[in-house]
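**Q** As a plain string of letters, each chain reads:
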Amino acid sequence: MKDSLFGKTLPELTALAIDNGLPKFAGKQMAEWLYQKDITSIEEMTNLSKKAREQLSSKYEFGLIQSTKVQESVDGTKKYLFPTAKGKFIETAMIPDEDRKTVCVSSQVGCKMGCLFCMTGKQGFQGQLTAGEIVNQIRNIPEWHEVTNIVYMGMGEPFDNLEEVLKSLEILTSEWGFAMSPRRITVSTIGIVPGMVTFLNQSEAHLAVSMHTPFDDERQRLMPVQVAYPLSEVIHEIKSWDFGRQRRVSFEYIVFKGLNDTPRHVRELAQILNGIKCRINLIRFHPIPGTPLEGTDENTLQKFKDQLNDKGILTTIRASRGLDIYAACGLLSTKELLG
Amino acid sequence: MHYKEENKPLTFQLIEVTVTGNVEISPDVYLISWKRMHDFQPGQVVKITDNPELTPRIYSICSGNKEDEIRVLFNVKQGGLLTPRLAGMIPGMKIFVSEPYGSFKDAKQPSYWIAGGTGIAPFYSMFRSGYSENKTLIHGVSYLSHFYFEDELEEAMGERYIRCCSREQSCNVFPGRITRYLEEINDLPADINYYLCGKALMVVEVRDLLISKGVPFENILAEIYF
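In order, the protein sequences belong to chains A and B. This note's numbering numbers the first residue of the first sequence as 1 and each following residue consecutively. This note's numbering numbers the first residue of the second sequence as 1 and each following residue consecutively.
Hints in this document: simulated from the structure, not taken from any laboratory. These figures come from a predicted structure and were not determined experimentally. Every residue, glycine too, gets a C-beta built ideally from N, C-alpha and C. Among the hints, erroneous ones may be present.
What the hints assert, rightly or not - To be clear about the criterion: a stretch of chain B counts as covered by chain A if any three or more of its residues have a C-beta under 8 Å from a C-beta of chain A, and this derived list gives those stretches:
1. 146–152
2. 156–170
3. 209–223
To be verified - Taking CB as the label site, the calculated pair distances span:
4. B/Lys66 / A/Asp216: 19 to 27 Å
5. A/Asp97 / B/Thr20: 54 to 62 Å
6. B/Thr55 / A/Lys2: 49 to 57 Å
7. B/Asn186 / A/Thr68: 40 to 48 Å
8. A/Lys239 / B/Leu54: 18 to 26 Å
9. A/Pro11 / B/Asn134: 42 to 50 Å
10. B/Gln78 / A/Thr40: 55 to 63 Å
11. B/Lys108 / A/Asp216: 18 to 26 Å
12. B/Pro91 / A/Gln271: 44 to 52 Å
13. B/Arg160 / A/Val74: 29 to 37 Å
14. A/Lys311 / B/Ser170: 17 to 25 Å
What the hints assert, rightly or not - To give a feel for the contact side, a few chain A residues facing chain B, derived at Cβ under 8 Å:
15. Gly21
16. Pro23
17. Met113
18. Gly114
19. Gly121
20. Pro194
21. Gln220
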């Protein structure tokens, strides 16, 4: 099997050019073809000599992966299914909203974290995605020229695949790559602290943390990662960083009926987030098969939001999108996996 | 962006300790030990590295809380960053560990302990700490040689120690995975706690099965090795 050019960084492409007897600048030329132009084959890299293209084609492939299924919601949201090695699948969502088009990418095949409310976790862990497979989810959808925002909130835990996620961010934000502003990219984590620290040091993209309850004992029942990386450690780490200017930290909070939607939770959230300039995104829970959890009702959700805002925490309710196309992450790929 | 170094929580801080033992108890599975310097509760974890410049990994403690040494069970991950080097450690060498921490803790009440592979570690710690009365331990493995501490557990817990093996058979061992064993039980108590420890898929499948059998999710606590 040939190695893919797509997914390599400029230094890697430059080294590859030199190794193959091409001029050093051929690395930059390849990067521009790979990440900025509408071509799909090495043969179309016409500012490389014919001999160079033949030489590259003998060892490498361009490396784009076509989606095998697309579902479109009545609200315009699209869900793409991409195949990966060993017959597995990942999901990518494209969410249009007025003048924005946000792409939600996966970072792993399946997930190791086993959150009670997550469909992806039911697949277990199937493998890591390469930087190329992550960036392919943006480059290889028809809307790729119109993408305004990217969120790493699809399948998998990004900081459990840190190296490839950081590499994908480099490709997305570099001048030689997609040249996107890191301020248009948000990486969401369950709270893998070492990965989060490396990310904060090496990237300028926004951070989102899946919290879902401020209480340790409740969080442990929803999210087994609480044992290894307690929320208190995550919050402590975040408090040691200066957020608030251009870079944002937000907390994701799925609201479950009777579980995490009470005034007690509002008070605790206000206490533990004191001193962090942040936002809470409240998310409606859309049940997955076999779940014992229920989403909270609209009145309680609104009240919960108002109470948090009254406490001085900027809180919004995320619009639910694509409900008619298995929009909850993991549903479509699990269905496909099971045939 | 400025990073402030002060007031790091205890779990961030690493202490240098001397390895006192490192035994291969099964092919590629080791029990490494060092002198206990802190109190801990069985079920808790420690961070370990052989180089403080590298990200430590997290392991469950696998020894009793009154013992002089702390022990950790690990299997060697081929190509892994830490475990191949950890396997080469001999007494006298230095490693760096955190204070014990974590909330995967049982009490004296009846409960089920359900482990996959090296996920036996926190339960063995609970057992060695005197918490095994009223407990039922179910250990699922692929091969018979992975029933770590089998003799000791069998002698002490008798019929409350249930072994499930998916790829080999032996007398007194259920032939199949933990989920198949649990599927055949019709009277799982719903009012006690279930502690699960192991890899993600095992934990998720067992948790789903318990919930489908009427166990409230609030009574299920899980630790996943990742």
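**Q** A separate judgement is required for each hint: does it hold in the structure or not?
**A** Each hint, compared with the structure:
Here the region 146–152 of chain B counts 0 residues with a CB under 8 Å from a CB of chain A, which misses the bar of 3, and the coverage is violated. With a cut-off of 8 Å between beta carbons, the region 156–170 of chain B has 0 residues touching chain A; three or more are needed, and the interface restraint is violated. By the rule of at least three residues with a Cβ nearer than 8 Å to a Cβ of chain A, the coverage given for the region 209–223 of chain B holds, with 9 such residues. At about 26 Å, the CB distance of lysine 66 of chain B to aspartate 216 of chain A agrees with the hint of 19 to 27 Å.
Range check, aspartate 97 of chain A to threonine 20 of chain B: Cβ separation about 59 Å, and the 54 to 62 Å hint holds. For threonine 55 of chain B paired with lysine 2 of chain A, a C-beta distance near 33 Å fails the hint of 49 to 57 Å. With their beta carbons about 42 Å apart, asparagine 186 of chain B and threonine 68 of chain A fall inside the hinted range of 40 to 48 Å. Taking the beta carbon of each, lysine 239 of chain A and leucine 54 of chain B are about 24 Å apart, inside 18 to 26 Å as hinted.
A hinted range of 42 to 50 Å for the beta carbons of proline 11 of chain A and asparagine 134 of chain B is inconsistent with their spacing of about 60 Å. Roughly 36 Å separates the CB atoms of glutamine 78 of chain B and threonine 40 of chain A, a value that falls outside the hinted 55 to 63 Å. For lysine 108 of chain B and aspartate 216 of chain A, the hinted distance range of 18 to 26 Å is satisfied, since their beta carbons lie about 21 Å from each other. Checked against the hint of 44 to 52 Å, the pair proline 91 of chain B and glutamine 271 of chain A passes, with Cβ atoms roughly 46 Å apart.
The hint said 29 to 37 Å for the Cβ distance between arginine 160 of chain B and valine 74 of chain A, and at roughly 55 Å that hint is violated. The hinted window of 17 to 25 Å between lysine 311 of chain A and serine 170 of chain B is violated, with their beta carbons roughly 59 Å apart. Contact between glycine 21 of chain A and chain B, as hinted, is not supported at the beta carbon level, the nearest pair being about 31 Å apart and thus beyond 8 Å. With 8 Å as the threshold, the beta carbon of proline 23 of chain A stays out of range of chain B, its nearest partner Cβ sitting at about 35 Å, so the hint is violated.
With a least beta-carbon distance of about 7 Å to chain B, the hint placing methionine 113 of chain A at the interface is held under the 8 Å criterion. Hint status for glycine 114 of chain A relative to chain B: holds, with the closest Cβ pair at about 5 Å, below 8 Å. Interface restraint check: glycine 121 of chain A against chain B, minimum CB-CB distance 5 Å, threshold 8 Å, status holds. The closest approach between the C-beta of proline 194 of chain A and any C-beta of chain B is roughly 4 Å, which is under the 8 Å cut-off, so the hint is satisfied.
Taking 8 Å as the C-beta cut-off, the interface hint given for glutamine 220 of chain A holds, the closest approach to chain B being about 6 Å.
The structure does not agree with the numbered hints 1, 2, 6, 9, 10, 13, 14, 15 and 16 stated previously, though it agrees with the rest.
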